[in-house]
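Let the hints inform the model, and build the full structure from the sequences given.
If you're matching them up, the sequences are chains A and B in order. Numbering follows our numbering, with no gaps: position 71 of the first sequence is 403. Numbering follows our numbering, with no gaps: position 131 of the second sequence is 132.
Any given hint might turn out to be false.
As the list claims (entries may be wrong) - Computed cross-link-like contacts, SDA-like style, restricted to lysine to any residue with a CA-CA straight-line distance of at most 20 Å:
id, chain 1, residue 1, chain 2, residue 2
1, B, Lys377, A, Pro432
2, B, Lys105, A, Val398
3, B, Lys377, A, Pro356
4, B, Lys330, A, Arg414
5, A, Lys389, B, Glu346
6, B, Lys283, A, Arg414
7, B, Lys103, A, Asp401
8, B, Lys330, A, Met464
9, B, Lys330, A, Arg501
10, B, Lys330, A, Glu468
11, B, Lys197, A, Ser470
Bear in mind the hints are in silico, worked out from the structure with no lab data behind them.
Listed below, chain by chain, are the residues.
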Amino acid sequence: MGVVSKRLKMNSTVVPLPKQTPIPATVRDAIATLQMQYVHAIDDDRIERWPQFFTEKCVYQIIPRVEYDQGRLIGVWFCDNRAMLEDRVSALREVNVYEPHVYRHVIGPTEIIDHADGAYHARTSYIVVRTMSDGEMSVFSAGRYVDEIVVDGETALLRKRSVVTDSYRYDTLVVIPL
Amino acid sequence: MTQAITARAIPELLTWPEEGITRVPMHVFSDPELYAWEQDLIFRGPTWNFLCLEVEIPEPGEFITTHVGDSPIIVVRRKDGSISALVNRCVHKGSIICHQPKGKRTRTHNFVCPYHNWIYDFDGNLTSIAFEKGIQQKGGMTADFDKTEHRLTRLNVETINGLVFGTFSDETPPLREYLGPVMVEHIERTLHGKPKILGRYSQMMHNNWKLYIENSRDNYHPSLLHAFFSTFKLNRLSAEGGTRQDDKSWHHITFTKRYTDKGDAAYDSGMIRAQKEDFGLKDPSLIDQWMEFPDQITNSIQSIFPGFVLQQVMNSLGTRQIITHGPEKCELVWTLIGLEEDTEEQTYVRLKQSNLVGPAGLVSMEDGAIGGFVQKGIKGDLDKRAIIEMGGKSVGGMPTRATETSVRGFWKVYRELMDV
Ligand code: FES
Ligand SMILES: [Fe+2]
Numbered sequence: 333m334g335v336v337s338k339r340l341k342m343n344s345t346v347v348p349l350p351k352q353t354p355i356p357a358t359v360r361d362a363i364a365t366l367q368m369q370y371v372h373a374i375d376d377d378r379i380e381r382w383p384q385f386f387t388e389k390c391v392y393q394i395i396p397r398v399e400y401d402q403g404r405l406i407g408v409w410f411c412d413n414r415a416m417l418e419d420r421v422s423a424l425r426e427v428n429v430y431e432p433h434v435y436r437h438v439i440g441p442t443e444i445i446d447h448a449d450g451a452y453h454a455r456t457s458y459i460v461v462r463t464m465s466d467g468e469m470s471v472f473s474a475g476r477y478v479d480e481i482v483v484d485g486e487t488a489l490l491r492k493r494s495v496v497t498d499s500y501r502y503d504t505l506v507v508i509p510l
Numbered sequence: 002m003t004q005a006i007t008a009r010a011i012p013e014l015l016t017w018p019e020e021g022i023t024r025v026p027m028h029v030f031s032d033p034e035l036y037a038w039e040q041d042l043i044f045r046g047p048t049w050n051f052l053c054l055e056v057e058i059p060e061p062g063e064f065i066t067t068h069v070g071d072s073p074i075i076v077v078r079r080k081d082g083s084i085s086a087l088v089n090r091c092v093h094k095g096s097i098i099c100h101q102p103k104g105k106r107t108r109t110h111n112f113v114c115p116y117h118n119w120i121y122d123f124d125g126n127l128t129s130i131a132f133e134k135g136i137q138q139k140g141g142m143t144a145d146f147d148k149t150e151h152r153l154t155r156l157n158v159e160t161i162n163g164l165v166f167g168t169f170s171d172e173t174p175p176l177r178e179y180l181g182p183v184m185v186e187h188i189e190r191t192l193h194g195k196p197k198i199l200g201r202y203s204q205m206m207h208n209n210w211k212l213y214i215e216n217s218r219d220n221y222h223p224s225l226l227h228a229f230f231s232t233f234k235l236n237r238l239s240a241e242g243g244t245r246q247d248d249k250s251w252h253h254i255t256f257t258k259r260y261t262d263k264g265d266a267a268y269d270s271g272m273i274r275a276q277k278e279d280f281g282l283k284d285p286s287l288i289d290q291w292m293e294f295p296d297q298i299t300n301s302i303q304s305i306f307p308g309f310v311l312q313q314v315m316n317s318l319g320t321r322q323i324i325t326h327g328p329e330k331c332e333l334v335w336t337l338i339g340l341e342e343d344t345e346e347q348t349y350v351r352l353k354q355s356n357l358v359g360p361a362g363l364v365s366m367e368d369g370a371i372g373g374f375v376q377k378g379i380k381g382d383l384d385k386r387a388i389i390e391m392g393g394k395s396v397g398g399m400p401t402r403a404t405e406t407s408v409r410g411f412w413k414v415y416r417e418l419m420d421v
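What follows is the structure, encoded as structure tokens:
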């Protein structure tokens with residue numbers, strides 16, 4: 333299967349395998365640290381750090397749950413390498429026009445489902461509360477991160493993150509990554 | 002069949018400025034009574050409203066639910082392959098009949114209201130009433146109640162290139178006549194194959210629906226509000242542009258073309274790989290494209306009155322449908338489409354370029370916020386008027402993008418339908 337056809341099939345669901353071998357504590361720690369640092373970097377407005385949580389060849393997408401579950405391809409956001417993530421960061425800093433706002437992510441514990449193709453497959457629930465500059469707050473997004481995570485020693489990096497949003501409706505705009 | 006049942010008459014609500022369509026009274030964007038009249042005279046008036054894509058309901062019995070303005074609608078494929086559109090409101094107590102976004106009626110070709118199980122066929126006829134004759138000769142409907150006098154409101158339906166439109170009014174001209182040849186030709190050109198859905202999402206906007214529709218016809222703003230193309234030096238992709246309208250200026254197309262002085266014939270087929278040194282992007286593969294259209298048009302936005310947009314942003318094709326949510330909110334439903342004929346590589350290009358559009362679109366995201374900026378700005382100044390004089394005072398196509406001619410076109414139709 334060519335690279336393109338492989339990528340076009342990317343939303344197939346990973347079926348949890350019965351656990352054979354326990355996952356080493358170092359791996360669990362590395363993944364937990366990644367999850368924590370990822371959301372803190374975004375919430376603290378250190379977005380420049382965000383692309384560095386990914387491997388150079390990677391996939392980052394935001395897609396509604398109904399779309400993801402029926403294997404549709406396109407959501408609201410799709411990057412297939414780290415340079416594209418960096419372009420997103422420069423766009424939000426220098427180009428895009430929007431009312432200033434911040435996110436607060438709250439994430440649940442990560443469930444590591446499988447180890448396949450050299451990566452840990454995992455899922456984590458999240459909620460993002462958005463606070464606008466005038467103080468208005470709202471639940472902006474809730475859903476799950478469906479991840480493929482590569483662990484090397486103490487470092488874990490995202491090879492793929494699908495942000496699967498429970499709602500297919502997005503309020504105003506999505507300029508800051510989830 | 003009215004929403005304006007408690008609204009005052011329009012002359013009491015709105016007097017159009019003497020200047021005509023170059024001025025728009027701000028309170029049309031916030032007045033709840035005018036909003037109610039718009040539901041009756043525009044969305045349920047002599048207009049064609051986008052309902053769905055044919056490919057969403059290919060098989061008999063398949064249905065989707067949607068809205069025309071505020072009105073809930075069921076669109077269903079009949080046994081004979083034709084399409085029926087019905088108001089999704091039970092004649093008994095007014096409950097929604099279909100509460101799923103989509104589905105299929107396989108065994109029986111009818112809809113059953115969940116509340117008291119009244120049953121309708123796909124043409125909207127009321128065919129059965131639960132306990133109509135009572136239980137053991139007790140109760141039941143009165144003897145003089147005639148089922149045939151009650152039915153679901155039915156819309157007239159027509160399709161063009163896989164797009165399904167519906168109208169409430171028998172006065173509406175046939176779809177192709179309503180669109181006019183310029184619009185028909187452009188739809189046929191953009192949807193040049195068999196459409197398939199690649200993705201769908203919606204965007205909630207904190208503004209009156211008309212502010213978004215004005216925006217979709219406003220070709221004055223893109224290079225000014227949306228800085229993505231200019232910042233990353235992508236302007237060269239689309240140098241020449243213009244505006245087209247139908248004869249009556251109800252609808253609009255804005256388009257940009259590649260430079261035509263650089264031997265573009267070489268680009269007629271195959272991929273155009275963007276070179277890093279030419280652009281400010283770290284990864285210019287985002288804008289890899291192929292010249293999909295022989296007319297060399299790289300971007301076109303087609304806005305069909307009242308609430309439908311057909312988009313081509315490079316190779317990103319899609320539909321946008323406006324759904325009203327009260328005077329100060331509206332929802333834009335985006336459906337990104339590919340063609341059955343696409344190669345896998347072309348599908349991948351459409352996927353990459355999906356980053357340009359939608360609520361997270363590098364080029365388009367500002368459109369989700371700008372209407373809200375206007376909605377906030379006009380508060381307290383509802384007696385003021387917007388100025389719409391860029392490119393003159395009249396309507397009609399123009400060989401430039403420095404014009405608001407199609408925004409004036411919108412207000413021309415608006416005044417005709419609202420009779421102001
Ligand atoms: S409301 Fe539909 S059957 Fe009663
Ligand atoms: Fe725009």
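Hint by hint, here is what the structure shows:
| no. | hint | result |
| --- | --- | --- |
| 1 | B:Lys377 with A:Pro432 | holds (15 Å) |
| 2 | B:Lys105 with A:Val398 | holds (17 Å) |
| 3 | B:Lys377 with A:Pro356 | violated (54 Å) |
| 4 | B:Lys330 with A:Arg414 | violated (36 Å) |
| 5 | A:Lys389 with B:Glu346 | holds (18 Å) |
| 6 | B:Lys283 with A:Arg414 | holds (9 Å) |
| 7 | B:Lys103 with A:Asp401 | holds (15 Å) |
| 8 | B:Lys330 with A:Met464 | holds (18 Å) |
| 9 | B:Lys330 with A:Arg501 | holds (13 Å) |
| 10 | B:Lys330 with A:Glu468 | holds (17 Å) |
| 11 | B:Lys197 with A:Ser470 | violated (34 Å) |
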